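Engineer: Each chain, letter by letter, is given below.
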Amino acid sequence: MKYLDEFRDGKAARKLSAEIKSVVTKPWQIMEICGGQTHSILKYSIEEFLPEEINLIHGPGCPVCVTPLELIDKAIAIAQREDVIFTSFGDMLRVPGSKHDLLSVKAKGGNVKMVYSPLDAVKIAENNPEKNIVFFAVGFETTAPANAMSVIEAKRRGIKNYSILCSHVLVPPAIEALLSSKNNNIQGFLAAGHVCTVMGYNEYFSIAEKYNVPIVVTGFEPIDILQGILLTVKQLESGKAEVQNQYSRVVTKEGNVAAQKLLEEVFERTDRKWRGIGNIPASGFKLKDEYSDYDAEKIFKVENIETEESPLCIAGEVLQGIKKPIECSAFGKECTPERPLGAPMVSTEGACAAYFHYGKKERNVIASEAKQS
Amino acid sequence: MCLAVPGKIVSIDESNPDLKMAKVNFGGVSKDVCIQWLDDVNIGDYVLVHVGFALNKVDEKDAEETLRILREMGDIEEENS
Amino acid sequence: MKQKDEIDFSSGLSCPIPKSDYENVLLAHGGGGTLSHQLISKLFFSQFDNEFLNEQHDSAVFNIDKSRLAFTTDSYVVQPIFFPGGNIGELAVNGTVNDLVVAGAKPIYISVGFIIEEGLPIDDLWKIVLSMKEAARKSGVKIVTGDTKVVDKGKGDKIFINTSGIGVIKEGINISPRRCMAGDKIILSGRIADHGIAIMSAREGLEFETGIVSDTAPLNELFYCIEKFGDKIHVMRDPTRGGLASSLNEIAEIANVGMLIEEEKIPILDEVKGACEILGLDPLYIANEGKMIAIVANEIADDVFKEWRKTGLGKEAVIIGEVTSENPGTVVMKTTIGSKRIVDMISGEQLPRIC
Chain P
19 MKYLDEFRDG
29 KAARKLSAEI
39 KSVVTKPWQI
49 MEICGGQTHS
59 ILKYSIEEFL
69 PEEINLIHGP
79 GCPVCVTPLE
89 LIDKAIAIAQ
99 REDVIFTSFG
109 DMLRVPGSKH
119 DLLSVKAKGG
129 NVKMVYSPLD
139 AVKIAENNPE
149 KNIVFFAVGF
159 ETTAPANAMS
169 VIEAKRRGIK
179 NYSILCSHVL
189 VPPAIEALLS
199 SKNNNIQGFL
209 AAGHVCTVMG
219 YNEYFSIAEK
229 YNVPIVVTGF
239 EPIDILQGIL
249 LTVKQLESGK
259 AEVQNQYSRV
269 VTKEGNVAAQ
279 KLLEEVFERT
289 DRKWRGIGNI
299 PASGFKLKDE
309 YSDYDAEKIF
319 KVENIETEES
329 PLCIAGEVLQ
339 GIKKPIECSA
349 FGKECTPERP
359 LGAPMVSTEG
369 ACAAYFHYGK
379 KERNVIASEA
389 KQS
Chain Y
1087 MCLAVPGKIV
1097 SIDESNPDLK
1107 MAKVNFGGVS
1117 KDVCIQWLDD
1127 VNIGDYVLVH
1137 VGFALNKVDE
1147 KDAEETLRIL
1157 REMGDIEEEN
1167 S
Chain E
9 MKQKDEIDFS
19 SGLSCPIPKS
29 DYENVLLAHG
39 GGGTLSHQLI
49 SKLFFSQFDN
59 EFLNEQHDSA
69 VFNIDKSRLA
79 FTTDSYVVQP
89 IFFPGGNIGE
99 LAVNGTVNDL
109 VVAGAKPIYI
119 SVGFIIEEGL
129 PIDDLWKIVL
139 SMKEAARKSG
149 VKIVTGDTKV
159 VDKGKGDKIF
169 INTSGIGVIK
179 EGINISPRRC
189 MAGDKIILSG
199 RIADHGIAIM
209 SAREGLEFET
219 GIVSDTAPLN
229 ELFYCIEKFG
239 DKIHVMRDPT
249 RGGLASSLNE
259 IAEIANVGML
269 IEEEKIPILD
279 EVKGACEILG
289 LDPLYIANEG
299 KMIAIVANEI
309 ADDVFKEWRK
319 TGLGKEAVII
329 GEVTSENPGT
339 VVMKTTIGSK
349 RIVDMISGEQ
359 LPRIC
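Quick note, the sequences are listed as chains P, Y and E, same order. Letter by letter, the first sequence follows residues 19 to 391 of our numbering. Letter by letter, the second sequence follows residues 1087 to 1167 of our numbering. Letter by letter, the third sequence follows residues 9 to 363 of our numbering.
Same shape as in the complex, but just chain P (with noise of 0.2 angstroms):
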């Protein structure tokens, strides 16, 4: 597939990687900020092409992971309901909440559906009259727009049934969280691409000037983390802390002005609290008032939701890049992918999910074997 496959080239591997090695002189950790990048990282086992001295941390850009649980218990809880067609990308619908997923909601008979785009809760919702249609508007700032493009949608045609329940989250808040907690120990970031090609990257020049970190924006493809990283290494090595963009291809510094006006247009900003991490100001979206009749929370009225995390689960020294998957003491244990404790287990992209699904149980760590022949 054009625009794939060229990135997924072998030979451009091995010269990156060589590149990346005669430039490193001493350690360097480094954060990938997408979930997106850390499953493609442990799919193509990138870690093999690393010398020993770079560290990559895996960071909470898994939205699914960081939907805070009182969130999943809401849309359990609206899920649950006779006159409720729920429906989600198919992410959402393994993440644990404190009792439930929206699957075994499905199974004891709640009307569940799994759609590809915000588009086709809209088109559900027009065509199912009788019925309320909830759709489980998550993401980060790549899928908002898409999301506030089924209520614009949805207002235009006059669909009165259909609803969202909203959890956005926002990347530079989040770097900015990392950053300034004492835990830090992150020197560089690879930036989601993704975002960037809805927000552009102006936003990320503060950061880097105040922490004092490089930051690339990087794409997804094995060459493109590679790349990304090599940039990293390379300002890191000579003290430069830059914004610098890989995926050049698709990011461009302003980003998709349409897209950002769709955005002001229904949502505006709010304190977001990130399961694992706790509140981070102005980190998230929220509808704007003229759009409350969108606003599943306030229709549904799923106030007074108690919640109970799980006391083994480490989600949150995971998502913040402290600990790694395998250091958690329930890792293949407790948590599997079958009857996971907290989100990152569950969602394919989630740091514990990925490392158990590509094999960095204890039984079998084939990169570190890799390497060392």
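Keep in mind the hints are simulated off the structure, nothing from the lab. Note that the structure is a prediction, hence the values are computed from the model and not measured. Hints may contain errors.
[Said to hold, decoys possible] With a straight-line Cα cutoff of 25 angstroms, these simulated SDA-like cross-link-like pairs (lysine to any residue) come out:
id	chain 1	residue 1	chain 2	residue 2
1	E	150	E	127
2	P	351	E	210
3	P	173	Y	1106
4	Y	1109	E	327
5	P	29	E	342
6	P	20	Y	1159
7	P	173	Y	1105
8	P	29	Y	1144
9	P	61	E	150
10	P	131	E	163
11	P	271	Y	1094
12	P	20	E	342
13	Y	1106	P	275
14	P	124	E	32
15	P	173	Y	1099
16	E	348	P	65
17	P	117	E	34
18	Y	1147	P	145
19	P	124	E	83
[What the hints assert, rightly or not] Just some of the chain P residues that point at chain E, by a computed CB distance under 10 angstroms:
id	residue
20	22
21	29
22	30
23	60
24	66
25	124
26	158
27	161
28	356
29	375
[Claimed, not checked] Simulated restraints on C-beta separations:
id	chain 1	residue 1	chain 2	residue 2	range
30	P	283	Y	1118	17 to 25 angstroms
31	P	329	E	160	45 to 53 angstroms
32	E	141	Y	1118	32 to 40 angstroms
Even glycine gets a Cβ: it sits at the ideal position worked out from N, Cα and C.
Start from chain P and add chains Y and E according to the hints.
Structural biologist: For chains Y and E alone, kept in the frame of chain P given last:
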């Protein structure tokens, strides 16, 4: 996060000015995609698609340039390693 | 009147899947991955325990008088019941035929059980029956017995079909996952994931225009052309639900061997690849209904490959890897960029993702 895939525009439907759509081809599979946020889109352009929306056009010149740099890169290192 | 023996559930037969884990059966329990295995081994195998079941192959193999027979059963609940390239009827016949074929048997007789939802158009049922007739003819089996039930509207999802089958295994054939050993070669008959993607393309909410059709087919010819190699054929498997990855993992675990496969060698249609990319799915875990894996002794691998290439079904056959003694129970794959990663067993259903 944010699974977005590049695909080629094979037809455009601007019959609804508030919801411009295009048929986008991904290696032989076609999906209807909303192109409302893009200006100056033509058949044959490559766009990056996420949840049924085109986020941006793929800058083909830039892509080719990146690949050219990679191709020319480090042949000496490769021979030595 | 004599009291019928009652099962005393209080006598210490506690359910091995603790209630705190799963109060109810989930869809994932039918997905072919780890949860399915858990349900099957902890609930069914543990109670129905016997030497035939413990082989854990698709068919039970046993002797009756001088004949060695294979016996299998499968149920078909696919939605939609008509999909690009086929329907539930031919799937039901081919699926059971194939379970017999991969046991090394010549399929002879099939039974069919229909559970039909009230309201199914007779025309649909007729089309399904005609497809089953044709599938039976193609695979050389007779449908010799059956049953029909109709359930209330809303209780049956249009139609469910169960097929059971019997086949005869010739002397010299000895198929079992336990025969798999280091040095064996793994041969795949053709491209993967066609069926699963064809189904998905027809499912509500995930529609996309594509020419992909299900690969449902009886696999007899793939076995008959290599039967002459006798017991040098160690394992055969049709990678249905759970895909190539699940089948290989199952075999690796039972045989306690490692496997090393090459991603580049695994054939996949461009359109199928495209669909997988859009939906964020890994083709290794997607169902196939007309493909076979054969794990054979190294010395006959090239010959098996050549025989398959001569057939219609195996014209894209590839040797994708080999069985190793490293990392027993684990399937390792060399990726397209040259690194190695583990191809694990999937835990439940693979769901499309946006993240």
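Engineer: All hints, please: hold or fail.
Structural biologist: Comparing the hints with the structure gives:
Taking the CA atoms of residue 150 of chain E and residue 127 of chain E, the gap is near 29 angstroms; set against the 25 angstroms cutoff, the hint is violated. For a cut-off of 25 angstroms, the pair hint linking residue 351 of chain P to residue 210 of chain E is broken: about 38 angstroms separates their Cα positions. Pair hint residue 173 of chain P plus residue 1106 of chain Y holds up; C-alpha atoms about 17 angstroms apart against a cutoff of 25 angstroms. Taking the CA atoms of residue 1109 of chain Y and residue 327 of chain E, the gap is about 37 angstroms. The hint is violated against a cut of 25 angstroms.
At most 25 angstroms may separate the alpha-carbon atoms for a hinted pair to count; residue 29 of chain P and residue 342 of chain E meet this at roughly 14 angstroms. For the given pair, residue 20 of chain P sits about 21 angstroms from residue 1159 of chain Y by alpha-carbon distance, which is consistent with the 25 angstroms threshold. Restraint check for residue 173 of chain P and residue 1105 of chain Y: satisfied, since their Cα atoms lie roughly 13 angstroms apart, inside the 25 angstroms limit. Taken as a hint, the residue 29 of chain P and residue 1144 of chain Y pair is honoured in the structure, with Cα atoms around 23 angstroms apart against an allowance of 25 angstroms.
At roughly 46 angstroms between alpha-carbon atoms, residue 61 of chain P and residue 150 of chain E are farther apart than 25 angstroms, so this suggested pair is violated. Taking the CA atoms of residue 131 of chain P and residue 163 of chain E, the gap is about 19 angstroms. The hint holds against a cut of 25 angstroms. Restraint check for residue 271 of chain P and residue 1094 of chain Y: satisfied, since their Cα atoms lie roughly 24 angstroms apart, inside the 25 angstroms limit. This hinted pair checks out: residue 20 of chain P and residue 342 of chain E have alpha carbons roughly 22 angstroms apart, not beyond 25 angstroms.
Restraint check for residue 1106 of chain Y and residue 275 of chain P: satisfied, since their Cα atoms lie roughly 17 angstroms apart, inside the 25 angstroms limit. Between residue 124 of chain P and residue 32 of chain E the CA atoms are separated by roughly 11 angstroms; this keeps the pair inside 25 angstroms, and the hint holds. Using a Cα cut-off of 25 angstroms, the hinted pair residue 173 of chain P and residue 1099 of chain Y holds, with the two alpha carbons roughly 21 angstroms apart. Between residue 348 of chain E and residue 65 of chain P the CA atoms are separated by roughly 10 angstroms; this keeps the pair inside 25 angstroms, and the hint holds.
Between residue 117 of chain P and residue 34 of chain E the alpha-carbon distance is near 15 angstroms, which keeps this suggested pair within the 25 angstroms criterion. Proximity of residue 1147 of chain Y to residue 145 of chain P is assessed by CA-CA distance (about 43 angstroms); at most 25 angstroms being required, the pair is judged violated. About 22 angstroms separates the Cα atoms of residue 124 of chain P and residue 83 of chain E, which keeps this hinted pair within 25 angstroms; it holds. Nearest Cβ of chain E to the Cβ of residue 22 of chain P: about 7 angstroms, under the 10 angstroms cut. The hint holds.
Residue-level restraint check for residue 29 of chain P holds (minimum Cβ-Cβ distance to chain E is 9 angstroms; threshold 10 angstroms). Evaluation of the residue 30 of chain P hint against chain E yields a held restraint, the C-beta minimum of about 8 angstroms falling below 10 angstroms. Hint status for residue 60 of chain P: holds, given a least beta-carbon distance of 7 angstroms to chain E, under 10 angstroms. Evaluation of the residue 66 of chain P hint against chain E yields a held restraint, the C-beta minimum of about 4 angstroms falling below 10 angstroms.
This hint holds: residue 124 of chain P has a C-beta 7 angstroms from the nearest C-beta of chain E, less than the 10 angstroms allowed. About 9 angstroms separates the beta-carbon of residue 158 of chain P from the nearest beta-carbon of chain E, less than 10 angstroms, and the hint is met. Annotation: residue 161 of chain P was flagged as interfacial toward chain E, and the flag holds, the nearest CB pair being 7 angstroms apart, inside 10 angstroms. Among the interface hints, the one on residue 356 of chain P holds; its C-beta lies about 5 angstroms from the nearest C-beta in chain E, closer than the 10 angstroms criterion.
Taking 10 angstroms as the C-beta cut-off, the interface hint given for residue 375 of chain P holds, the closest approach to chain E being about 5 angstroms. Checking the proposed 17 to 25 angstroms range against residue 283 of chain P and residue 1118 of chain Y shows it holds: the Cβ atoms sit about 23 angstroms from each other. At roughly 46 angstroms, the beta-carbon separation of residue 329 of chain P and residue 160 of chain E lies within the given 45 to 53 angstroms, and the hint holds. Checked against the hint of 32 to 40 angstroms, the C-beta distance between residue 141 of chain E and residue 1118 of chain Y comes to roughly 38 angstroms, which is consistent with it.
Checked against the numbered hints given earlier, the structure breaks hints 1, 2, 4, 9, 18 and satisfies all the rest.
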